[in-house]
Amino acid sequence: MSRPAIRLAGVDVRYRERAALRNVDLEIATGERVALIGGNGAGKSTLLRVAVGTLGPSAGGVELLGQSIDVLDRMAVARRVAVVPQAATLPFATRVEEVVGLGRIPHEDPFRGARASDRAAIAAAIERVGVGHLLGRDARELSLGERQLVLIAMAVAQAAPILILDEPTVHLDLRHQVGTMDLLVDLNERDGTTVVAVLHDLTLAAHFFPRLVLLDHGCVVADGNPSEVLTPDRIRDVFGVDPALVRLGA
Amino acid sequence: MATRQEVVAVDSPRVWRAAAGLRSRPVVIALLGIGALVVALVLGVGMGSVAIVPGETIGILGHRLLGLDIAGRWSEASETIVMDLRLPRVLTAMIVGTGLAVAGATFQGLLRNPLADPYVLGTASGAALGAAIAVLIPVRIVVLEFGLLHGFAFIGALAAVYTVYRLAHSGGLAPLTSLLLTGYAVGSLLAAGLAMAMYLSGAALNQIFSYLLGGFDGSSWVRLAGAAPLIILGGTAIMLRARSINGMLLGEETAGHLGIDVPRERAILLALASLVTAAAVAVSGLIGFVGLVVPHVVRMLVGPSARLVLPLSAIGGAALLTFADLAARMLGEIPVGVVTAVIGAPFFLVLLRRVRAGYEL
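The listed protein sequences correspond, in order, to chains A and B. Numbering follows our numbering, with no gaps: position 103 of the first sequence is 108. Numbering follows our numbering, with no gaps: position 190 of the second sequence is 614.
In short, the hints are calculated from the structure, not lab data. There could be a bad hint or two in this list.
[Unchecked claim] Derived, one-sided and incomplete: chain B residues facing chain A with beta-carbon distance under 7 Å:
#1 Arg667
#2 Leu674
#3 Leu725
#4 Gly727
Glycine included, every Cβ here is placed at the ideal spot set by N, Cα and C.
For reference, chain B alone in the conformation it holds in the complex (with noise of 0.2 Å):
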């Protein structure tokens, strides 16, 4: 195989610094970004109903976290309320917020579809409904703090996704439209179901309601631990295959020319996808735009590899999440997923008018 491939002389600078850095940015958008996380553990934890000075907050953290004397002198009371009820709900937020965001990033890039979020396949009216059931069904189990419903809506979750995945492979269109369509009419039927279920559960309709407005004040270490590992592992795991995610920018059809194994890639990193919002969804309810929004802010910021929108995202939902389960908790315990509506739908609409030249969607 005679190839040769001629040595070109390079010596724009502009080429070179073009190939070289992309942007130049994401150095320093991550480190806002991680910034902006240790602003939010400190307010999250610090402010409540009885405020902890940052001081304080920062020495309860050092102190249990990471066995450091830094400074001060706190009560016994401080310490329960930062280490037993605040510090569990804030890192629940934070873990949810960064699955949500890699979830959406996921499904965008896969999808090719910059409308898509986590719950484009079924996975939120699965869990609702899985959710609404669990409500009903007059028994109370709890094991390890972790319900009836939690079960049920992450199981309702990962069976919508897999009911619409095997009804989408089985028709003849493309594969890609066929999973958005499959995705809307399972979610209809099961939108259905639900309706029907808050129809019939009476006395218990609040318990539903709030589970799909969402919400971290349930949050325990306990149920932190369960949906924790899912999350972590199965951002890990789809961040390790960025590259086929960005094989996939120009379409599948050039992704399998890239070298990527279309099939076999889309499959595992929507069941990746999948199982991340699964574990989100249980903890938290259904708390909407956060997955859908950041990662486009980051795409503004960075451009569109998933090597860089991944863990920015990772980082962007997390901070965007605490900080609007702080706002909400300072509103008088409203749903988390009014606030993320409210802070995150202008916001968005803003950075959309300042780059419109730049950015469609």
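Isolated chain A (complex conformation) (with noise of 0.2 Å):
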């Protein structure tokens, strides 16, 4: 048995008035690929903001690998788990090989810098998702789904065993999204890294992840695989859709 990569019990939110999760309760095993979905403002969001504490419940607790995120500083939470940015803009020209190198941060010797198994950790992180081709490139320049490319590099330089998304495939044309989603599937099966991942598309979340995790009004509505979670009645109560609408395939 080995320790849950993330661990929620009872967690609260509330802002202000609105409670935007109410007394969740998941566990995610190491390894394991899962998606969040639900309709906006389920509390998707909210609940990775806790996973990764830069949100604090207002009752509950999170543990990562087992240990409270209540006793982790930030750079521990950060060799812990990654998280690919969502919107990043870049306020000074930035060539893609320094922005994966920012990866690094919670690796790096403080006041020296990138040491020598930085530059290997992100010369493989470069190799590992394939942007080779974009080196020396000003990250600003790059089209939507070569820049969502480079930021998973970043994170995959960063090493941490937990990668957290944010709607990775908003913005990206088919043939994108599906390169993401392989890329995921990918680091996932090979690397063994847990894959969590908001996703708006419930195509794209059944055909990928094994496990779906529904939110809606900040519960956990339903939870397991896409076949049991999925349910025309499910689909009808909680997105207010004809389930026609979306088709799962085999």
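Two chains, each in its own frame: build the complex with the hints.
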């Protein structure tokens, strides 16, 4: 029995009066690949923010790899969880390899900067994600699909056992959506990285993720494999659309 | 925690070079910058109404600073001019240039705004109002060559930033937007106070005006000794936190995910950069452009990593301001702020045109 990668126990989050998460219990095992789904405002992004410690819960506890997040400092959290930034803007011209290199911040020497091991990890992440052809280019001039890959490479360079993504396919065309999903599956299956992603596209979620967690009004309403979670009744109730619009394929 | 981080065979040398070298030129650039600084020192000390040839200058400097008897002989008058008049002035220009450039790079990185400069959060208007009030008060106190003007300018700069910081944190806006907008609002208010003070100043208007334009003609060893420790210690402390500035490149949220304690680092770095700026403006007045342009030129050359940008900006700011002060003296003591703008702006425009493909503000 290995320790769960992420464990939320009885987590409540309130923004002023409104409850964003209510009594959420969730356990994600090491090496799992989990998609969080649900409508806008269901609490998916809030759940991610609680899981990485940027938002403290009003009640309940969070553990990362068996250790309470309250006793971990920010650097220790960053060595356990890598988060792929959602909409990253750069104020200055920055080369692709320099963006990937930011992922080493939790590991590098605070005063002397990157060491040989950091440079090896940067090179490995660039190869692993396949962005070698973008080296030397200003990251601000890349297409959205390329930028997404570079940000994932940065998170891979962070070499954390848990990888978290908030809507990684938003703004991407179909080819890049599938490409991103393939990469996540590969990182999960070959490297053993635990992958947790918020996804809006139920078809992608059902196709690429063996476990779905459905949130509605701050509560986990279903948790299991795609065919258990995405029943026609639930799609009608939670998303308010005709289930025939969501084709889950075989 | 089973993390089978797979060992990937990396054989592409291009990938390795990119990961290792980033850009390969920082050492060359640092050496060129230091070379320029030495030339600026020798020229700055040698040139003036009484010209002292470079050989003599080097001899005096070597003898007095390093205890070396290199060569040649020089008159006592030359030695007095070099040691008591010109050297403190040149060193003050260097240290102020260093301070402004490092503070500018810090504010740009923290606020994630290419148009930020050391004065963006109200230091300039605070210092100016402080100086103007000091001029208006009909009391002359001089402690160790520091007049009321220097003290009030220093306190005014810090008080302005502190006010901006406190006010910015009570609103509901995003921290960075709030800081910039509050800085603008407080700056405008202080500028109104400054305008009123200038209106009331009568015969003392000239004194306020010359502070606003900046300059080094009142430099002395004692004043240098007041400002230099603050700028050197503050600048070093900023450089030791380069990692935090780098972490903020992709935004404060990502900085948090990369392990940076954002509120704490932001507060510490703003305080250090403001201290450095306040020390610089207290001895030199308001000198524009150095803090804005030098970090950008350095970034164009070596990329955005604060580990390189901060030290290279320190060297570049020192060299630029020393040459600017030299030019200001040669042109008959015109305000050095005019010179930095006249040298800096066209140079900056040329650079922007040359690298437009890879750089945008």
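* Status of the hint placing Gly727(B) at chain A (closest C-beta pair under 7 Å) -> 6 Å, holds
* Residue hint Leu674(B), partner chain A, criterion CB-CB below 7 Å -> Since the shortest Cβ distance to chain A is 5 Å, the answer is holds.
* **When the least beta-carbon distance from Leu725(B) to chain A is tested against 7 Å, hint result** => At 11 Å from the nearest chain A Cβ, Leu725(B) fails the 7 Å test, so the hint is violated.
* **Cut-off 7 Å, beta-carbon criterion: hint that Arg667(B) touches chain A** => Result: holds, 5 Å to nearest chain A Cβ.
Of the numbered hints listed earlier, the single one contradicted by the structure is hint 3.
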